[in-house]
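All chains, full assembly: derive it from the sequences and hints.
In the working numbering, the protein residues as written are 1 to 451.
None of these hints come from the bench; they were simulated from the model.
Among these hints, one or two may not hold up.
Below, in silico cross-link-like pairs of lysine-lysine (BS3-like), each with a Cα-Cα straight-line distance of 30 Å or less [said to hold, decoys possible]: (1) 399 <-> 439; (2) 439 <-> 310; (3) 439 <-> 90; (4) 298 <-> 313; (5) 90 <-> 286; (6) 298 <-> 286; (7) 289 <-> 310; (8) 298 <-> 310; (9) 286 <-> 313; (10) 79 <-> 106; (11) 298 <-> 399.
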Amino acid sequence: VLCGQQEVAMFDPKSGENITEYVSSQKSKGTESSNNNKYQLLLLQYVPELQEVFCTTNRRTVMAWRYNSCAPVSTLQCKHIPEGLAYTGKSPILIFTGDCEGRITKWEQLQLNNFMYSSDSFNLQDMTRTLQFSNYDVITPLNGSEKKSRSINKMLFVEDLDILVAAADDCNIYIWGFDEQAMNELRDSVPGGGDLFQTIEDDAVTNRVAGFTCKRVLNKHSQSVTGVAVIPRESYMSTTHLISCGADRRLCLWNLQLGTLVGTYTNSSGSEAASEEVITDVAYGKSRKEFAYSSADKLIYIRKFATSVKSWKLLHVLQGHESEVSHVVWNDVCSMWVSGSDDCTLRTWGVHKHGYLEITTSVTDTQCPITAVTCDLVNGAVIVGLQDVIRVYEGGTMKRVQTHTGHRDSVRGLMHVPERSQYISIAWDSSICIWNAYKPYNRQNNSPAPI
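This is how it looks when you write it as structure tokens:
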């Protein structure tokens, strides 16, 4: 829509809402220069044969726009630089981001359309000050967190416990959850609230209306917590566990349901150091009941998981990177470990029937340090952040099948939302981008993914 302005306004035909700020990730050069030249957009015409939109201006120039299938479906702007990213697949689907100031933001898609989202922010500093006055079991002290950076490094959502785990730069792990206490107060304050809430007890929306609060603080690390991995409850375990790693080279095992420390890994010499250098990331392979952690010493360590840290047997050490290994993830579809490094390579480590005696490796030269890695939960594709570009590689062949552009700074987090067939990314340009997920080539409709 044009109204004699210097920018084009875009509206959703279904709801009639202005969605310009959500679908325009960045201004074009012509639009930026228009602020200086002060020309106005006059006439607008769509040419279906070219699939382009043309526009004339009062300065005798013509501008053209073309739909970019590699651009984000929607773009959300944050007040501060996001560092952590997570989501819950329960209805309604919620996206969580943690920023450099320690704030947690909850994003929810509006029912009006697929582009607009509402957001609520929660200040970590205000929450921790009131923890001592709450009824929750809080682990203290906070390792001097008042004087340290509260930047959120990693986040994940635990579905069976309905909690959000946030690993911070101030040596602590913050456990967030929906406020059941406020929910009970709301039930008691509403006349007939007991009967009303009883009718919707099984609805996942019920606990979403009660707010969000920090319930516990887990602290054992002496330096920044760089990674967390959840071990879901299984038949041989009575509870859900959490493995955390940090710059102090420690590996800690937590009981998430109780919020208590189970133990800290100790090597044969009695030291709590699990590697030679800083541990940068940790991931759990559910199908193999193993976990891996990457380190600045260029290595990836594979250990067998057990509920006792004394039984964490070292199975193998993956080596091949020539610089710090910054990311490691488990690809359950392709049954392989995926690692990214500052040496501008992406490596896969395929595990076969004979375990780690036979490993199939592949090396992909990205020509750029890797800033984020995740895997598609449906088809096993590997999604990689390379500065401001996102590339998608096919899991089996590691062939590049899709490229996304739209961020203006380094991509710091990636995740796949299979419920909506979308990828979500965060970057240092203070934006959250939502992309269409990669779909393998379909010969029937002859529609390969864009490259």
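Do the hints match the structure? See the list:
In summary, the hint linking residue 399 to residue 439 is supported, as the alpha carbons are separated by about 14 Å, within the 30 Å threshold. Between residue 439 and residue 310, the direct Cα distance comes to roughly 43 Å. Violation of the 30 Å bound is thereby established for this hinted pair. Pair hint residue 439 plus residue 90 holds up; C-alpha atoms about 23 Å apart against a cutoff of 30 Å. With a CA separation close to 20 Å, the supplied pair residue 298 and residue 313 stays within the 30 Å bound.
The suggested pairing of residue 90 with residue 286 holds, with an alpha-carbon distance near 21 Å, which does not exceed 30 Å. A threshold of 30 Å between alpha carbons decides the hint, and for residue 298 with residue 286 the separation of about 24 Å falls inside it, so the pair holds. Restraint check: the Cα-Cα separation between residue 289 and residue 310 comes to about 16 Å, which is no more than 30 Å; the hinted pair holds. Pair hint residue 298 plus residue 310 holds up; C-alpha atoms about 25 Å apart against a cutoff of 30 Å.
At most 30 Å may separate the alpha-carbon atoms for a hinted pair to count; residue 286 and residue 313 meet this at roughly 16 Å. Taken as a hint, the residue 79 and residue 106 pair is honoured in the structure, with Cα atoms around 13 Å apart against an allowance of 30 Å. For the hint linking residue 298 to residue 399, the alpha-carbon distance of about 25 Å falls within 30 Å, and the restraint holds.
Comparing the model with each earlier hint shows a violation of hint 2 alone; every other hint is respected.
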